[in-house]
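> Below are the chains, spelled out letter by letter.
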Amino acid sequence: MKIGVYICQCGINIAATVDVEKVVEYAKTLQNVAVSRFYKYMCSDPGQELIKKDIKELKLDRVVVASCSPRMHEPTFRAVLEEMGMNPYYFEMVNIREQCSWVHIDKDKATAKAMYMIAGAVARATYLEPLEKKEVSVIPRALVVGGGISGIQAALEIAEKGFQVYLVERNPSIGGRMAQLDKTFPTLDCSACILTPKMVDAARHPNIELFTYSEIESVDGYIGNFKVKIKKKPRYVDIEKCVGCGACAEACRLHARIPNEFDMSIGKRSAIYVPFPQAVPLKYTVDPNNCLTLKTGKCGDHALCVEACGERDAINFNQKEKIVEVEVGTIVVATGYDLFDPVEKPEYGYEKFDNVITGLEFERIVSASGPTEGHIEINGKEPKKVVFIQCVGSRDKESNEYCSRVCCMYTAKQAHMVKDKIPDADLIVYYTDVRAFGKGFEEFYNRVQDEGVIYRRRELDDPIEVKKNGNKVVVKAKGHPDVDADLVVLATAIIPKKDSKEFSRILNINQSADGFLLEAHPKLRPVDTFTDGIFLAGCCQSPKDIPDAVAQASGAAVRASEPLAAGKVFVEAISAVIDEDLCSGCRVCEELCVYSALEFDEKDKIMKVNDVMCKGCGSCASACPTGAITMRHYDVKQILAQIGGLIR
Amino acid sequence: MKEKFEPNIIGFLCNWCSYAGADLAGTSRIQYPPNLKAIRVMCSGRVNPIFVINALQQGADGVLIGGCHPGDCHYERGNYLARRRMAVLKKLLEYTGIDPRRVRMTWVSASEGKKFAEVVKEVTEDIRELGPMQHFRRENKW
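The listed protein sequences derive, respectively, from chains R and X.
Using this note's numbering, you'd call the opening residue of the first sequence number 1 and step up by one each time.
Using this note's numbering, you'd call the opening residue of the second sequence number 1001 and step up by one each time.
Heads up, a few of these hints could be off.
As the list claims (entries may be wrong) - In silico lysine-lysine, DSS-like type, Cα no more than 25 Å apart, as pairs: (1) R:Lys352 to R:Lys227; (2) X:Lys1090 to R:Lys523; (3) R:Lys523 to R:Lys352; (4) R:Lys384 to R:Lys468; (5) R:Lys109 to X:Lys1114; (6) X:Lys1115 to R:Lys501; (7) R:Lys397 to X:Lys1004; (8) R:Lys107 to X:Lys1121; (9) R:Lys468 to R:Lys439; (10) X:Lys1091 to R:Lys109; (11) X:Lys1115 to R:Lys107.
The set of hints was computed from the structure by calculation and includes no laboratory data.
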């Protein structure tokens, strides 16, 4: 057995705290080690060449590289072995950067720990077995979850590459948050004008199948072969028959009496409705929580909507929830965000006073298609003094520590909109820091200041209080004179979707500490997740503005298309193996496997493993009383040998 | 004498959560004692109690098993299996006269670098307090 050990200095990332030369000398004393070297950057071309040369000249049997986390460069070095005709699983990596040099200061102790770690790896390497990667075919279709701008963009791009896409949206219409916005910063183009053509494109694309008013029930399988159950909630309207004329909504007994969620409940709708006039698909939906027929079984002497629909006969109160099963190769998650509820910060007076509204409510008020047709008014009157308060629920350790990224600019835009519509209005913005970091942002911020908007700085820790003062509210901020305001707009933060946790579990992906969905690498794999075949786009991953969300969606679409185009992928070779002579057929393992990869063979009276179903967790191997189950690459001998090395 | 004792601790860390959390502690340069040396496993459910016993036999003074938080297991419920196994193992250790506090199970997610460092600090101090492991020492032979 000949093992080559290679220690990386990683510039000074490792060398500053680990005495690399000493470690090299130590490695030479370990059993089976034929060669030990160090290099400045093992992952670089010359570093890789060093290993290749030794493999060829010294005929190495195993390669151990001590450098960064295997989560970073394991594939790099496995490829080196493969290129030299070695089995890639004859490679072992030692993480002396993330788990040694970066977390210790004492050079002697860090050096000693690195030696132990390498001794463990060398001991383990001796027992490594060759493995074959499993090749599986890829179903050439994708699933996109979420029909906001990110989801639409991702779906369109995958579809354009020639693959079929299922686009699932939980609301009756696609469009998402962007559809609710009036103008977009800093260019001031109308949000609906640039979004609705894309919505229509998505609906009309021959490769895209829309599932609106639908939710993901379950996801099983793995990259290339996901099985997805989609729950289609009953619309109580046959979308094949509905032409979107709206006669039903006009006729509804509750016409213009139910708060419209799309308008942030400022506008009113009927119990049968489309959320907004440009909805895609333009098909009506019955709201089961308000419709008299569905709630009470009785709507006067007859349902007026059914009468109005007449011969089209599109309304069907007997429609039931339906589960549709689809199979896809890859998944793009674009589930978007929720907004911080300012009720949690009672000092701002939200919900106590009509004059205090959120940024998104302002968007609906200022929108020409909104409930006030674009007239900025509060209790029927045009406000002359408007106060904007930023960082509501963000950059605040009590609620959300992160910066919500879009609020500075949307506040600037909203201030501009007020100036545009009410030129004599006085505007004051309370800000903590203005973060105008994007393309054209600083210029826009300057423009808004030139228009006469007054910016007043507050410290993050200084509370702002909003109190009642007759028909107005008074805004009290430390270090500034009180302001009697007609309208206060709160820049509420983007927060993770409320059901992020449940959804991340359905998909088997992770959340970061702030609750957003976690990318596989913060710099280099910003659209991947740790689960192969599942990708992220838009605000589900972190707060971002429209261009960033669209850019990420395009990235996710490319990533999700790669396996579809390749037609096959390699999946992890780590799986369970059963020694038929040792298996007693006790079936203890059978129940433990959540993937049903273990099956009892009635004829031989022993357990058999389905290689493709097995995901290699090893739960079964740890339970096997006879030790008949071996985990490839995490075999008992390999692990015990590694323990021995680590504490020798 | 007691202050000078540097315990030898083996950490079994699951690939998806705890190992990633340990990596994050590194990327964030959060310092912790060098006494724990990690073994990466795909899932905490892979940790056979034999591994833990064997580590103690081979001279480890303590063992930490790190898995995903309950409900977050990459393999759905491997962490629950590990938790049960470790609970039984602790009883066995107690029966054989080994302080069960030498074995600890913890949940560290991929975003909890700080927590990982804190857990390692705690475990190191706890094991230091317990002193060196002196039972059943033997070498592996096969």
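> Sort out whether Lys468 (chain R) lies within 25 Å of Lys384 (chain R), counting only the CA atoms.
17 Å, holds
> Between Lys109 (chain R) and Lys1114 (chain X), does the CA-CA distance stay at or below 25 Å?
21 Å, holds
> When you check the alpha-carbon spacing of Lys352 (chain R) and Lys227 (chain R), does it fall within 25 Å?
47 Å, violated
> So if I understand the rule, the pair passes when the alpha-carbon distance is 25 Å or less; does Lys468 (chain R) with Lys439 (chain R) pass?
39 Å, violated
> Do the alpha carbons of Lys107 (chain R) and Lys1121 (chain X) lie within 25 Å of each other, as the hint requires?
Distance ~18 Å between Lys107 (chain R) and Lys1121 (chain X) Cα, so the pair holds.
> Keeping to a limit of 25 Å between CA atoms, is the pair of Lys1115 (chain X) and Lys501 (chain R) held or broken?
20 Å, holds
> Sort out whether Lys109 (chain R) lies within 25 Å of Lys1091 (chain X), counting only the CA atoms.
Judged against 25 Å, a Cα distance of about 34 Å means the pair is violated.
> Within a Cα-Cα threshold of 25 Å, do Lys397 (chain R) and Lys1004 (chain X) meet the stated pairing?
39 Å, violated
> Tell me if the straight-line CA distance from Lys523 (chain R) to Lys352 (chain R) falls inside 25 Å.
43 Å, violated
> Regarding the pair Lys1115 (chain X) and Lys107 (chain R), is the alpha-carbon distance no greater than 25 Å?
24 Å, holds
> Would the hint linking Lys1090 (chain X) and Lys523 (chain R) be met if the CA-CA limit is 25 Å?
Violated - the C-alpha atoms of Lys523 (chain R) and Lys1090 (chain X) are around 41 Å apart, more than 25 Å.
Hint compliance for this structure: hints 1, 2, 3, 7, 9 and 10 are not met, and every other hint is.
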